[in-house]
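Visitor: Listed below are the residues making up each chain.
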Amino acid sequence: MIRNGILTVSTMVSVVLFPWPLSALLALAAAFLEPFVPLAAGLFADTLYYVPGSGTWPLFTLYGLVCSSIAVLVRSQLRTGTIR
Amino acid sequence: MKKTFLAKRNALLSSASVSWGAAALTFSVLALLLRLLAPNLFLHTFAPAFSVADAIAAQSHRFFSSFSGAAALAAQNERLVSENAALIAENAALEQKAASVGALADSQRSSGILAGVISRPPESPYDTLVLAAGERAGVMLGQEAFGEGGVPLGVVSSVTADFSRVTLFSAPNVVTHGWVGNAHIPLSLFGAGAGAMSASLARAAGVAVGDTVFAPGPGMLPVGRVVRIDSDPSTTTVTLRIMPALNPFSLSWVQLRDVGAALRGSFTIATSTL
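The listed protein sequences derive, respectively, from chains A and B. Going by this note's numbering, the first sequence opens with residue 499, and the numbers climb by one from there. Going by this note's numbering, the second sequence opens with residue 26, and the numbers climb by one from there.
No lab work stands behind these hints, which were simulated from the structure alone. We put the CB at the ideal spot given by N, CA and C, even for glycine. A couple of the hints might just be wrong.
One side of the interface only, derived from the structure: several residues of chain B facing chain A at Cβ under 8 Å [said to hold, decoys possible]: (1) 45; (2) 46; (3) 49; (4) 52; (5) 53; (6) 56; (7) 60; (8) 147; (9) 190; (10) 197.
Footprint (simulated), chain A over chain B, 3 or more residues, beta carbon under 8 Å [what the hints assert, rightly or not]: (11) 70-76; (12) 148-157.
Residues on chain A that point at chain B, a partial pick, calculated with CB under 8 Å [as the list claims (entries may be wrong)]: (13) 506; (14) 541; (15) 542; (16) 549; (17) 554; (18) 561.
Modelling step: build the complete structure from the supplied sequences, incorporating the hints.
Guide: This is the structure we're talking about:
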């Protein structure tokens with residue numbers, strides 16, 4: 499639980515403090531433990547830096563959504579299995 | 026007989042009462058609401074964090090430079106390279122201004138607003154700058170941002186009371202009309218992200234590596250240099266790879282200037298940032 503917390507907080511702090519590739523890497527790592535973290539980090543990054551009307555989609559939210567969806571799907575498949 | 030145990034589980038939430046991921050998502054949604062409802066307060070809240078990010082970037086740069094054993098030399102070299110790039114850009118700008126007296130008169134009329142950069146790429150992933158100057162300092166939508174040496178960088182795309190955002194010409198999907206080379210061949214510059222731009226041009230135009238690329242400002246101002254030309258023998262066009270005259274990753278201040286209604290109109294057509 500503490501490990502999940504540290505990874506989650508590190509990812510969110512990284513969005514503000516560090517270059518985005520590092521944040522993306524942390525979010526991917528956190529997805530194994532907390533599937534919502536990529537979506538949260540992507541949404542937070544777009545909240546900080548995205549400018550509406552700049553001609554691009556809020557890509558980080560979309561990437562985070564895709565990553566979180568995959569993580570949730572994989573976790574649900576693993577959890578309902580008989581073998582752990 | 027083995028007894029089957031079917032525990033009821035929720036795939037979205039862990040067995041613990043509180044999920045860190047859900048808490049992070051809630052935080053992000055609250056931050057988004059704050060930005061939508063009170064954008065100025067939002068930037069006031071996060072401006073100190075941006076300052077910390079700046080300090081960390083400077084410290085880490087110093088730390089990694091120390092491994093070379095010649096940190097001072099590296100810093101001096103970096104400073105000289107930066108100054109050289111700025112001087113080259115300034116020189117090219119002056120040449121253009123000398124050739125265009127009308128544009129020079131326009132540039133003398135405008136004084137500009139000096140604004141500090143509080144967030145820049147690569148922390149900001151969309152090639153945008155967050156500036157510590159907003160409506161109270163006289164910043165308006167559509168003003169052009171200039172860096173050291175008068176290099177055009179982008180256009181103000183969002184303004185709050187105390188802060189503003191500049192979308193760089195290198196931002197993805199941004200199109201800017203410009204010129205290349207001594208012959209001032211017109212071309213469309215496409216933002217490629219991370220400070221880079223690209224453009225397509227007829228092979229017969231005769232553009233070479235090292236040619237200067239200009240964008241509209243008061244006159245023609247250098248925005249970058251052709252560093253590579255990708256050519257496919259089966260087509261009549263070539264793709265120019267353009268690096269910026271100023272590194273957006275190390276910008277610490279910009280000057281914002283209103284480039285005039287006529288020019289702003291051409292930017293509206295040329296870019297999708299307004």
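Visitor: State for each hint whether it applies.
Guide: Do the hints match the structure? See the list:
Annotation: interface hint on residue 45(B) holds; nearest CB of chain A at approximately 4 Å, less than 8 Å. Among the interface hints, the one on residue 46(B) holds; its C-beta lies about 3 Å from the nearest C-beta in chain A, closer than the 8 Å criterion. For residue 49(B), the shortest C-beta to C-beta distance to chain A is roughly 4 Å, which falls under 8 Å, so the interface hint holds. Interface restraint check: residue 52(B) against chain A, minimum CB-CB distance 7 Å, threshold 8 Å, status holds.
Given hint, residue 53(B) at the interface with chain A, holds; its Cβ is 4 Å from that chain's nearest Cβ, closer than 8 Å. Checking residue 56(B) against chain A by beta carbon gives a least distance of about 5 Å; that is within 8 Å, so the hint holds. Nearest Cβ of chain A to the Cβ of residue 60(B): about 5 Å, under the 8 Å cut. The hint holds. Below 8 Å, beta-carbon pairs count as interface contacts, and residue 147(B) has one with chain A at about 4 Å; its hint therefore holds.
Because the beta carbon of residue 190(B) sits about 5 Å from the nearest beta carbon in chain A, less than 8 Å, this interface hint is met. For the restraint placing residue 197(B) at the interface with chain A, the shortest Cβ-Cβ distance is roughly 5 Å, inside the 8 Å limit, so the hint holds. Only residues whose C-beta sits within less than 8 Å of a C-beta in chain A count toward coverage, and the region 70-76 of chain B has 3 of them, enough to reach three; the restraint holds. With 6 residues carrying a beta carbon less than 8 Å from a beta carbon of chain A, the region 148-157 of chain B meets the three-residue requirement, and the given coverage holds.
The restraint placing residue 506(A) at the interface with chain B holds, with a minimum CB-CB distance near 4 Å, inside the 8 Å limit. Because the beta carbon of residue 541(A) sits about 4 Å from the nearest beta carbon in chain B, less than 8 Å, this interface hint is met. Here the hint on residue 542(A) is kept, as its CB sits about 4 Å from the closest CB of chain B, short of 8 Å. Restraint check, residue 549(A) versus chain B: the minimum CB separation of about 5 Å is within 8 Å; hint holds.
Against a cut-off of 8 Å between C-beta atoms, the interface hint on residue 554(A) holds, since the closest Cβ of chain B lies about 5 Å away. Contact between residue 561(A) and chain B, as hinted, is not supported at the beta carbon level, the nearest pair being about 10 Å apart and thus beyond 8 Å.
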